[in-house]
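So the sequences go chain by chain: D and R. Taking UniProt numbering, the leading residue of the first sequence gets 1, the next gets one more, and so forth. Taking UniProt numbering, the leading residue of the second sequence gets 1, the next gets one more, and so forth.
Incorrect hints may appear among the rest.
Quick list of in silico lysine-lysine cross-link-like pairs, DSS-like style, CA-CA up to 27 Å [to be verified]:
id, chain 1, residue 1, chain 2, residue 2
1, D, LYS322, D, LYS131
2, D, LYS322, D, LYS259
3, R, LYS385, D, LYS27
4, R, LYS481, D, LYS322
5, D, LYS259, R, LYS481
6, R, LYS481, D, LYS257
7, D, LYS322, D, LYS257
8, D, LYS27, R, LYS290
9, D, LYS131, D, LYS91
10, D, LYS167, D, LYS121
11, D, LYS27, D, LYS81
12, D, LYS131, D, LYS100
13, D, LYS100, D, LYS81
14, D, LYS191, D, LYS121
15, D, LYS121, D, LYS131
16, D, LYS123, D, LYS92
17, D, LYS91, D, LYS123
18, R, LYS296, D, LYS322
Because the hints were derived from the structure by calculation, they are not lab data.
Each chain, letter by letter, is given below.
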Amino acid sequence: MTDATLHGGHAAPRSLLATDARTRRRKAAETRFRLYGLTAVGLGLVALVFLMWSILGNGMGAFRQTYFEIPVELSEATLDKSGTRDPAVMKKVTTVGYGKILQKALEAELAARNIDTGTMKAKDVMGLLSKEAPADLRNMVLADPALVGQTITFEAFATSRVDGYFKGRVTMESAARDSNISPEQLAVAQKMADAGLITTQFNLGFLSMPDASELRPEAAGLGVAILGSAYMMFIVLLLALPIGVATSIYLEELAPKNKWTDMIEVNIANLAAVPSIVYGILALALFINFMGLPQSAPIVGGLVLTLMTLPTIIIATRAALKAVPPSIRDAALGVGASKMQAIFHHVLPLAMPGILTGTILGLARALGESAPLLLIGMVAFVKDFPAAPPEGLMQPATALPVQVYQWTQRSDPAFVERASGAIIVLLAFLLIMNAVAIILRRRFERRW
Amino acid sequence: MSVGLLSLIVLGLAVLGYLLGRQRALSAVKGDPRALHSLPSYYGASVALFTAVPALLVMVVWLFLQPTILETRTAALIPQENIAASGGNISLVMADVRRIAEGLDAVAARAGLDEAGIQAMRADLSDMRSRLAEVGVALGANVDPAVFEAAKTYRSLGNSLHSAMALVVLLAAALGFAFALWRISPQLRARNLVEQFIQVLLIASSLIAVATTFGIIASLVVESWHFFRLYPAGDFFFSTTWNPQFRGGSSLGLWPLVWGTLYVSFIALLVAAPIGLMAAIYLSEYAGPKMRATAKPLLEILAGIPSIVYGLFALVTVGPLLRDYFAQPLGLGDSSSSVMTAGVVMGIMLIPYVSSLSDDIINAVPQAMRDGSFGLGATQSETVKRVVLPAALPGIVGAVLLAASRAIGETMIVVMGAGAAAKLSLNPFEAMTTVTVKIVSQLTGDTEFASPETLVAFALGLTLFCFTLALNVLALVIVRKYREQYE
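Please take these sequences and the hints and turn them into a complete structure.
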């Protein structure tokens, strides 16, 4: 170290106490880089919040429904001429007949409350009510014939437009451009609301009713979809859990390490990455085309989701089996257990929490899967509930995610609200399943 | 006898076998289990296994084979001129046969006919088409007598095959039951027997994964081969127009679809790769334990949300947003479904895939390398950029490739967000379509497996499968190679 090297060349003398330009630049780069990272994390979280906010904002409305509360006189003369109260005979009165009764009741109520309908035709007043309302009234009467002759307060669905008006989705301006509703009708609906004829309640029907046609979104529900999804999850659980556990036990505990087992392992890893739509093609070609199973049936959906879930369950189960320390196996073998006894009596019970956690997560994934179900015909419009298993497994049904897709394909904007509501239901199910998995893991997982 | 009932009977028999086998073993040694080779429950289990497993196996195999047998036997009954009349395609005629056969039961129930009544039905004497339509079976044309006869045979043959199956299954169960019960003696090594049996079952179930792969490849290849017999492979692989016509004469070029797929995936990776990578760097190098513990699981929620949710998000929120604030002001188009919409939403979905894999890989870089860099006076960001990232690069490339393979195979987001028009365009705000969208649109609805317009979906599926498989294998090889480097 000489002065020549210290002072020579370009470097000016500098103090450690004063930061020079280069250090400042490096520090600025450091802050910038840190900020990029923070921004990236923030962007991811913002996307999550935005997604949730948009779904919840669009979908919460589906859980509330606007009803008209109208006193309806169920006269014996029109509904049950024979006076026998026999549902088989009363079936002769069609929904058109009930529609007339409902219309009369509505007009009478409007007159009684001095609500001026102006120049509106009777048909337009009736147009405030859902087209489903007469059928509802009919089903109600047929289920309980004793109602005939009484005057009951009937809760009729409002049409999706009136419903949307009270939820803020439909405005007077949009109604003016809409062929299904006019501002005059909405004005009458507003007067009826002021007179207390309209209530908004929690819409239980959204969870229990079957799907409804394009023209009556207010009556569309998730009943069939929830049942169909439940059937499929049942099949997946019944098949994927035993097969997955058996496969993992073989590969993890018994299989010799050779080319053959290597191939099976690579195979499973690849299956986990095959796009879900390819499984749909497999189901279409194998289960429907070759084996002749019916389209849109929960059994086909359950089978294809089983094949999709298997790799997930196998990977989770193998991890759980691996986590059981070898000393457990050695101890069991040491006291004279056979290899199978050591596995089934000691290792498997200890691995069970991990296996169940993995299974529930696999089921949650299967519950949200829709692409393969589209290909096996689950997009069909299904209004009838499938029967109880096992016959019900062969009857047409839909699934929750597919129902969402189907509703988004319809033109009426009210179905977007329904679709978002269905997503909320789906996410609620997923949340419950994941919570159960986490609790299981926290509660039962042992660390050695 | 329905399949469900049959399996229930077999299972009931197995339970009975368990109890009887146990009983028989115990009574052979006068109730002293010490004189038995194995524990008494193993004797019971051996009977139960021998009863249930072969019988159920027979049933499954039978259910697989029955449709093929039915098909070939019935197809032989249809005269050549009928096949020629429907365009020389036997599968079209067979589809009619199946539907008529299914409708016959409903027709008989409606008319109150018995078995003989069904056999006596004649298509040339009564209007079968309207009678079938009444029970919900819609046919394109009047029922041809020969086809109707084939349908009757199909139905009766199917029924008799079904009863034969029940008989064979029950027989197999009974034989297994009797054999295993007869074999029980105190010297029988029941535990070894049961354990060997179980081991075979375990091996068999691990073969299901192999069978699934085989099934996927076989169904894709066979149906694609059917497609290429109807449609020249050269046109499929090299043509640049996609224009299916359901009356024939369509052009089914692969390229517009591949372009749409790659474009959407590219935009998705443009969103996911930088955000995911930076998030991973921040969470593994900068963030404190508290921040890490909250932000990481929250980001991973994004990976757990089903793709239909993202699809709806694209359709309802992102699409209109991009259209109103970007596409229309810039004059780039006014479609709410576009490559951009699908790409951005898919990118959001892929963030956690990139971030959690990169996170693992960054954490696997040895601390000594960072310490060395700090010791030379580098700042944290310089260490990350000059030391950690180069060391982790192969793994990060692998993570991005895995994300790319997800993007290419993703279906619901593009079905709902990208549009349906097959186009070769550079404008990201234009609606384009992808391979997966076209698989869905060609295979949903009324599918008749004879036209190239339907079968093309299988060729598309095969292309997709090969693409994603290649990407996955490449990614796994890279990741694995890298992991070994520092272990």
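Here is how each hint holds up against the structure:
1. D/LYS322 with D/LYS131: At roughly 60 Å apart (the allowed maximum being 27 Å), D/LYS131 and D/LYS322 break the hint.
2. D/LYS322 with D/LYS259: holds (21 Å)
3. R/LYS385 with D/LYS27: holds (14 Å)
4. R/LYS481 with D/LYS322: Holds, at about 23 Å.
5. D/LYS259 with R/LYS481: Within the cut-off at roughly 20 Å; holds.
6. R/LYS481 with D/LYS257: It holds: about 20 Å lies between the C-alpha atoms, which stays within 27 Å.
7. D/LYS322 with D/LYS257: holds (15 Å)
8. D/LYS27 with R/LYS290: holds (25 Å)
9. D/LYS131 with D/LYS91: Judged against 27 Å, a Cα distance of about 19 Å means the pair holds.
10. D/LYS167 with D/LYS121: Holds: D/LYS167 and D/LYS121 sit about 25 Å apart, inside 27 Å.
11. D/LYS27 with D/LYS81: Status violated; Cα separation ~93 Å.
12. D/LYS131 with D/LYS100: The hint holds at about 12 Å.
13. D/LYS100 with D/LYS81: Holds: D/LYS100 and D/LYS81 sit about 16 Å apart, inside 27 Å.
14. D/LYS191 with D/LYS121: Between D/LYS191 and D/LYS121 the Cα gap is close to 17 Å, so the pair holds against 27 Å.
15. D/LYS121 with D/LYS131: holds (17 Å)
16. D/LYS123 with D/LYS92: OK: D/LYS123 and D/LYS92 at ~24 Å, within 27 Å.
17. D/LYS91 with D/LYS123: holds (25 Å)
18. R/LYS296 with D/LYS322: With Cα atoms ~25 Å apart, R/LYS296 and D/LYS322 stay inside 27 Å; holds.
The structure fails to meet hints 1 and 11 from the earlier list, while all remaining hints are met.
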